[in-house]
Structures are given as C-alpha cells and as structure tokens.
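Input sequences plus hints: build the corresponding full structure.
Just add 71 to wherever you are in the sequence shown, counting from 1, and you've got this note's numbering.
Since the hints were derived computationally from the structure, they do not count as laboratory data. Treat each hint with caution, since some may be false.
Straight-line distance between alpha carbons at most 30 Å, and here's what the computed DSS-like set of lysine-lysine pairs gives [what the hints assert, rightly or not]: (1) K232 to K220; (2) K246 to K231; (3) K173 to K98; (4) K254 to K279; (5) K179 to K279.
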Amino acid sequence: MNKTYDIRIDRTKLHPWLNYKLTLLLKQCAKKGIYLIITQGFRSKAEQDALYAQGRTKKGSIVTNAKGSDYSSQHQWGIAFDIAINDKKLLYDEATIRKVAKIAKSKKVGLAWGGDWVSPVDTPHFYLGKWGDTPAKLKRTYGTFEKFKKTWTKEVFGTKKGLNIWNKTRTKVLKKKLPNKTKVNVMYVKKGYAKVECNGVVGYMKAKYLL
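Right under this line is the structure:
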C-alpha cells in the first residue's frame, strides 16, 4: 500500500464542514495504515448528466440514478466525496472500505456512509448526514446550489475591537481580534456560535457578528 493519500478533487468546492471532516478522516485512516484516494467531490450539472448517461445512452454500467438537471446528487451540493484505497490490489476492497467506514462514522470524524443505504448501496460514498440521505431538504431550503454555497463564507462585521476565534469550551483564544470584513469559512451555527475556519485555524466565533 502506498503510504500517502491521493487527492484528485478540488477541495475548495466542498462544503467547509465536509472539507474539515475529510482532513480528520485522512488522519485517522493513516493512523490505521490505510491511505485513501479521493476520487470524486463536487460535480457540476454537466458532469452529473454525463455520469447519468453511462449505461443508458453511453457505454458502461449504470452507476447513478441522479440526473444532473434534477440536482438530486449530493455531489452537486458539495456535501459528498467518494474514495478508493491507495493500493492497486485493494482499490475497492470491501473489507478495507468497511474499516474506513467504521472510522468515518466514529465520533472522531462524524460522516455518514453510502454503504448503509438500502438501494443503491454505495460503499465508496461518504457525506454530511445533517441534511439526510438525499439533497431533498437542501432543495426545499435553498432552491439552488448557488444560494446554498453563499452560506459557506461569511464576513466579520459590527465589531469595534475585532472578533476572536475560540476553542470549543471558549476558554482559550485561538486567533485574536479578526477585523471587520475578514472572511471565514462557516461549517455550521449552533447556540449562537459558528464553527469556522480561517487561514488554517478552526474554532468558534459569535455568529451574530458574521454576515
């Protein structure tokens, strides 16, 4: 097995929370001697339609039931990625992927797994479970991917001395006094605080000062 991971996607097109969890997964898998290839991430409408055509109007086997025009693939919303094992002999080895799934679903990472689906079972597929097993809730809430993506990045505003990034318990400042108009990547908002990333620092900020 190659002792390195192989990222073949544009990680900037993943939801910030998924991108963060991907980093956690890579680290936890490496501790177990498992190194991943990240084969699929965000897909455009055209890319999804091309995949849908496979096994229908184009050669190959059917690999998805999600049309690009329906925006019914989690990949089109930036909330999913697919993996393989970075070993030619184990690329899609079921036992190894199940080991990855156990790590991914643990509290240390917190991803959902397509291998738990009844139909279709999609073992290389991992995603943010917040919005369920399909993008239906995202479509109802945001309508379009573009509107959803606008929630990924916010700017600091309305502060006089700047806004700190804190650790989870708010007992330690990780980054001091970010000035107004500083952009941060927002993973989620809960109980008045946003979990954010800014220049590699991950922590918590008061959500009311993010616009």
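Evaluated hints:
1. For the proposed pair K232 and K220, the alpha carbon gap of about 29 Å is at most 30 Å, so the pair holds.
2. Under the criterion of a C-alpha separation no larger than 30 Å, the hint pairing K246 with K231 is consistent with the structure, at around 16 Å.
3. With a C-alpha separation of about 14 Å, the suggested pair K173 and K98 falls inside the 30 Å cut-off, and the hint holds.
4. Under the criterion of a C-alpha separation no larger than 30 Å, the hint pairing K254 with K279 is consistent with the structure, at around 14 Å.
5. At roughly 28 Å between alpha-carbon atoms, K179 and K279 fall within 30 Å of each other, so this suggested pair holds.
Of the numbered hints stated above, none is contradicted by the structure.
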